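Novice: Residue-level listing of the chains:
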Amino acid sequence: MFSLKQNCWFIRKVVIWRAVASIAWSVLLLPVTSAVFVLLSRFSLFHPIQWISECTSLLTASSTIFSLVVLCGVVLITGLFNLEFYTLVPSIPCSRMALLGTVLHPRQCVHSLVYCTMGMLVMWCASVTIGGRYSTLGIPCKQSESGEVVTCLNEYHLFLLLAGAFMGYSHSFLGVVKNMYYVSFQPIQQYKYPRFKGCLPMVVKCSVIQSLYSARNFAALYFFFGYVPKTWISSTLHLQIDSSLQPLDSLTGLLDFSLLYHLSISGTFLYFTWYLTVLLFRIYVTEAYSFPVQSTFTEDAEQCLPKVLAETNTLVMKFLALQDLALLSQHSLSRRLEVFSLSQPGGHPHNWNAISRECMSLLSELTQRLLAHQDAVASNGRVKSQSDVSETPRLSVPLRTPGSVFTSSVGGMHSALTAPFTPDVDSPFSSPAIRRLVGQQEPRSPWFGTVQSPHIMRRGPKLWSASTGETARLKLSYLHKIFSSNVQLPEASSQALFADSQAHIWALQGLSHLVAASFSEDQFGVVQTTLPSILSCLVVLLEAVDRHFKLPHASSKPVRTVCSMGDSTYKTLRFALRAALKTAIYKITTTFGEHLNAVNISTEHRKRLQQFLEFKE
Amino acid sequence: MCSLGVFPAPVTAAQTLFERNNELLSALHPGEHSQACDLPSPQFTRDTLKGHSRPESSSRSVFLDQRDTLWMRSAGAWRDAGLYGLLDEITNSAEEVPRFLAVGSACVLALLRWASSFHGSLFPHLTLSSDEMVAEFSQMLDWSDSALRSFAWHPHTDKFAVALLDDSIKIYKSNSSPTPTLKHRCQRSVCALQWKPLCGSALAVACQSCLLIWHVDPASLSTRPSSGCAQVLSHPGHSPITSIAWSPTGSLLVSASPVDTSMMVWDVAAESAVPLQRVGGGGVTYLSWSPDGSRLLAATPSALFRVWETRMWTCERWPCLKGSCQSACWSPDGGCLLLSMQGERVIYALTFSDLTGGPKAASVVADLSETTFPGPDGDLTVGGEVCSLSWDPRGERLAVLLKGDSQADNHPSVIAVFKTRSSPVFELLPCGFVMGEAGAEPRFMQFHPHFQHGALLTVCWSDGRISHVPFYFSSAGLLGGDSPQQALASNTTNPSSNKLYTEQIS
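Residue numbers (full-length UniProt numbering), protein chains in the order written: chain A, 1 to 617; chain X, 1 to 506.
So that you can see chain X by itself, here it is in the shape it has in the complex (with noise of 0.2 Å):
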């Protein structure tokens, strides 16, 4: 098991820049700048983008007050609030109704509140606004105090997308040519990007109603396409959606909503869904599906994930110890998952495999807690729950967010890298600290999905900037003499770690 005490000492002054012969090299390093690739980074601020101040619904305390007549209210109320809205406009309007019915609905609404109330207190996640629920359950770092809200690499061309505080999504080419700015009436809240494999111009994206589907031609020199380029995908009850997985063949794509037990899988070229249910957990927050399609990740709001194979739509229950499953990538050959659960500082493994019939328990692979790193300007912590986890696509790094404590100044989120050697036993090595700028701290990251010379990671930076951090390695098998002896070396500094690291060897 690898602990973040044998990491080499993060480097506090200077942005990471890129890692070649095994050392992240930081930009104290002189004559590193030319190494930089060709990718845009651009940088966003909360200043330029004005996010909105308040839900269209309260807009009404803007206008004067007109009364209409009761039924117009009721319908109005019906249609902003539904069920609850009608009830509260009765009761509220007592005088002008029969008084039976105002007692009769103020009944039915106490009623409702109650079970609502007792339906809560089993799923505590259920009392959560819209907008709470997304920021607590999507996979950005502190989303909605973010200027970038999501992000998502395509999966075969030099093309991102970016998802911002003002709900417009930017989508960026690796050449100089416009970057289309998609804006829709439903796109609200994004929590979740992701593109269409095996497929040039589809992206979608998970709203605080809605699912879209956004079509952009790739030869199109439009930087406003039209919102008739997007398909609004909606099925009653089912929304926030937080999570969003295409099948790696592009043909399937499965949604997930915390307040939905069932998830969605959309035929969506044919606008039809097949709902999924399964009852315990009261939701589902998070998807992953395996590179190879044979398996996708279902983690529920409670202690409790699902493992479901994608022939028969059947599913494994795993259930946790303590809190619900945060955060979860798969190896590239869709044979291990390696998750993170809230309240619990360790990667956890679970190894499928087609002959044994999967796994029987989960084996904890890397343990995170907090670890102290002296440094010029004072100790540095880092350590602590892992926000998401990202693992390149050949396997060969393991990116870990992990969270840090806003109270304490010395502590911030910070990524920490890992090498990843699946045989002759899966083992996590360490690589190092990903840093940013002085004061920024990292929110997102992900991996590019095809980069040539090893493995490229994008990180979101608090300050809005979105950076990418290459890792030159030539694949396979390097893991082999050098690389401890590199991180003993680096370690050396550090007495703390060292008895953890020699405990390793021996």
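So here's chain A without its partners, still in its complex pose (with noise of 0.2 Å):
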């Protein structure tokens, strides 16, 4: 399961080591949390005295300690999921039928299997903890009739074991939906400490929040089927039920507010003790990583900037390396002068040109990507069916980068598969959007162009119509309409394009700054050689964005989440690029000002750029 490449020395190296600190820091903290934790549940208003002293010993308890060492072990496997899931690009789902097929993907359902697991065991430590009436499966008791003293099921402990498992799953779940496991980099650097201590209020209420729901969603789910494990577990175990007292699964017994205090508090602590390892890791992960530019040694030359940036096959390799290079050319003198070096011997400006090319054609991939988009995207703002995309000539251009948004949207089943698992870029399922970055040419698997094809999704309903009177056929319609993967979820098609797209602005960003300090610091003039494909690439992109969002539905902006751990940067990611784009050009074109009148570039992009200058645009 746990398939990481372990060949990039980047990987080996930086991203091993600050997943294990994000691991080890999660574990230290433990003890700080279990501490709060046992505080909160043992709470009694009107016995301060007697509250904290029996949580100190509660604290040094072998039982306590035991619990501990087995959260260790969940928090250790969530951090190995966090490693293994980790995506810095999203999948976006563009139809409901590909949600649904993420949901039911085979990894997924072992990820969900997992975190119910870990979701009971924490449950069961929180139970051990809270003592009292929660502690343990089987309890003591009298039976009515004889009067011998019997073991009866614990419907406290099984209630909250079953709330593990129902936290576990919905975490597992809605970490697919609202991507829980997408990873993006903050607008500005700072130092680990402060961030931490700046997202922790805002770990601590999404926990709590999301506990909220998640009590009320299970009390409500097990009122309607909380005797179908009650009566499983007891007869397989042998139990009693204690007829004595009062079921869970009536009105009157969920409405305990003890038992619903407890339950949200453990559901908290669940919460947190996952949410901070998923924070850790994320502000370990986005740690800016600064690489050298250039290299005395030649054995070091693969990990230097103009290597690493060319590089394809390391996604956050490449990510950071777009990130170093985006601030060194705002905050680094020094290394921006060894970017306009000459090679010593010979002469030849390597670093640059390197840089240069590898940011120009990330650029110019988003705007083929985006041409293929407008063409093959009809006047309605949906995707055209199969038939009339294939009859468009975007076969004539290469398959990897056009063709690939689209039969994946198109035959929603394919993005479906992919959801958050990225790091294996060679297997079919792997996330189209990361095997464009990487430049991988698309398999067209005969199995996908099967399920894609229209017409067996619309044979599924006239068969079933047959049979059936012609209000269920109407239902069918209603249904098909749902999942038809031709029915694209507003605006979602204009996110998945725009999914990779921070590593675009860096692009933007580092080339404008460099070109832009080049103008004062640029000895030999290195810059000015590339400088008309620079700005004619710009502009290009340019007119590809601005067509993008004449399209239907891409300029809508999307609902913000109110609390969520799951980031939603990737939706406006699209706007984003289109400021950085337009800065970008500004900071050309203010810095050379007149000089770029000498610039030798086409009438037409020089028309564009005089907008610029005149501030029109």
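Just so you know, these hints were derived from the structure itself, not from any lab. Because the structure is a prediction, the values reported are computed rather than measured. A portion of the hints provided could be inaccurate.
Said to hold, decoys possible - Computed cross-link-like contacts, BS3-like style, restricted to lysine-lysine with a CA-CA straight-line distance of at most 30 Å:
| id | chain 1 | residue 1 | chain 2 | residue 2 |
| --- | --- | --- | --- | --- |
| 1 | A | 178 | A | 205 |
| 2 | A | 616 | A | 557 |
| 3 | A | 616 | X | 173 |
| 4 | X | 170 | A | 557 |
What the hints assert, rightly or not - Below, a sample of chain A positions facing chain X; criterion: calculated Cβ distance under 10 Å:
| id | residue |
| --- | --- |
| 5 | 138 |
| 6 | 195 |
| 7 | 331 |
| 8 | 571 |
| 9 | 586 |
| 10 | 587 |
| 11 | 615 |
Ideal placement from N, C-alpha and C gives every residue a C-beta, glycine not left out.
From the two separate chains plus the hints, produce the assembled complex.
Specialist: Pasting the structure below:
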């Protein structure tokens, strides 16, 4: 399952250690959160001294230590899952069918199962810690008729365990739906501790809210279906059901304030443990890494910025390298000078050439992708059906850039199955967005072709309608509407197009700041030679972006999620890209001013740049 | 150290037109009107602008009293005024709710009020209402009474935006193209405006409840852009916003509110914010980004300000002796920061350099205590607290808006302009006072960001007029020999100030 490719030096030397550090900190913070949990769970307003003394004795008890060991195991597994599943490019299901496929994917099922188990484990620890009526599954009770003492099922314990399983599943489910494993980069750089401190209130708030929601949903679920696990457990474990106690799957049983309080407190503890691990992992992974611009030793050459930028297999390294480029272009004079320097024997601007070429290829690849999307999209804003698409000149352009988006959005099944699993690019299930960035050919599996075909999708309701009545057919056509792969979620395809645009934003920032800095810092004029191609690359991209925003749904703003650990930054990346692109062009035009007239570019592009010179954009 | 005593005596009778040959010339000189530049100078009077007579929530008194059910009223109170409103509603309708609920909510309400009054005694500004707070911390002198609420030049073109008393914003361009008027439902009590650098269209507006980003297409001929052109950015607990600052690269926007201890760093396009919290100070009132983008000043309502470095976003604390930091400006290279404190009549300077790792103490560079100049219609007193500071983009002129005394009739607010010199040592030299027409006092000022022939100061006056005062000089190094003599010549009429001046040259 853990298919981390260890061959890249960056994964081996940096990412693994960052993950280890984040897990270590999560484990170290565990005693603190457990202590807070103990204090809250035993809280009694009227006996404060007894409360404090009970808690201190409990914190040193052997059962608590054992619980801590179990919780450490849970945190460890959560951390490993974070490392395995994290993704820098979110997978955006373009249709409801795709979303369904994502949730039912086998890997996702395993994930849910593991999280259910972990949720039960945490809840077991929580119930042992709370003690009292929650502590064990079996309790001695007197049978009413005979009066002998037998072991009965403790429904409170079972209730908490099942709640743990439910919360584990909902965490795993929401993780997919809300892209929990998507790691976004902050717009500003901060040290890890201030950033952690700044995010902590948000994590607490999210876990409390999520726990309250889950507690409500679980209580409702248990009210209706609680008897199923109860009878099953009691029959398999030969535990009696104590009839003298109020059963919990009744209204009076559930309206127990102390039970609901303990449920929500334990749920908060559970979610907080997981969210904290996710937060620490995000903070560690997105920390800026400074790559050397050039090295005096040839064996270190592959770790230098120009080589790393061209690397396509390790996404995290490419992202961090682009971030480093954007940072050095703004903040570091000495590293900029290294970029503009000439190679010692020969006098070639290898550094600048490699960096600018890599940035421009990223940007032109985005341009190609946008143009292909505009070709493929019919005027009503929906992607044309398969037959229409194949008639467009789409096939004449190389498949990997433009086509992949459309095979993914048309045949929702494909991107559906990719879900949050980024690192293994070779798998046929990997997200097309990643494959795009990595630059692999899209395998067009024949299986997808058959599933995608709209004819099969349409045949379903027809077959059914023959056997059932009119109403059933209406219902089914409604279902068909919901789940049909041709029904696009609004703006999802637009989001999917720009899913990896953080890389493009950094490339734009890096390029524009380097070009602007070259006005005064470039001693050998290495930037001048590439200036025309950079300018035309930016203008062409601007035209493509402008055309994209004229499509329906493209400029509609997504609804902002109030409080969720899932990061929704990817939903607004296209706006950020457009702003970054305009700022980049303005940065170059304001720096160079009238000198731009001496640059050799086509008349059309010059006209567009003139608009920027006059601040008319 | 420079003081007001060495300044040439202000000409009270006429409006200052421009500076030429190191002399501020006023309208008294014949034949000088031809020098006026072609920038629009609109005038707004309070009568033509109808402000909001009352806040929206109090409009209910107009309507007939309608008894809703308790649930409806509670829900309404929760929506309108939050927890306080809800508790207040329950306490007031004691006859309809169970007794324990009414008593409980009254107790909680009293407890909350006591806690907030305690908090308010620590930070007195928290007891102000939202409008009072904006008026207190705005860079506009006498904000609540002024027809003009805020003003901002576009950093790259001849275009400026003016916020008016009626909560609308007008945009003027140098040529006679239409002037768009921006109105939005959320645009209330505008405290600050700033155009986005490296962009032709985006204007950030600090409002009472939120932050608005207008995208005004410069090519459009429309005079009323729809409210769909505006992005609304808000964060709970982060209002009213009294200061905003774009990073010089245009990628980030920072907003500050006196009630929020954290300032927000916005990625505007993505509409996401990163809060940067520091507890001390009780809020953030004023922000100023250094022109090179490396540092950001954040003033708090207490006697404390912070200087953030913008690479890793760490900050230095600067506790002040007396009041809070009222205004500040950066030198164009970002190496020097001039500050003024509330209750002090001096300008402080902090010099930053990357080699020494930052300054250890602020030095006083100008003394602005009251000085009396004899004039034809009696004595004129100038000097006082600094309301705002502005430094021209070439770093040669510094304009200081000095608060007057509204009780005394011969002590108006004035703008004192200094010449600045940074080498060999940082120094302020007197230039003169910028006077308006008779009876008009300056309220706000800002330098034009890219005036060709020197510097151009735009002043908003108390009579609602916006005027432009050009300073014609050739850049760099002209401050050598002749200007002290010029100052000496104009100061011979003022014997009291000569002593100070001779001390300075000796």
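Novice: Of the numbered hints stated previously, which ones are contradicted by the structure, given in increasing order?
Specialist: 5
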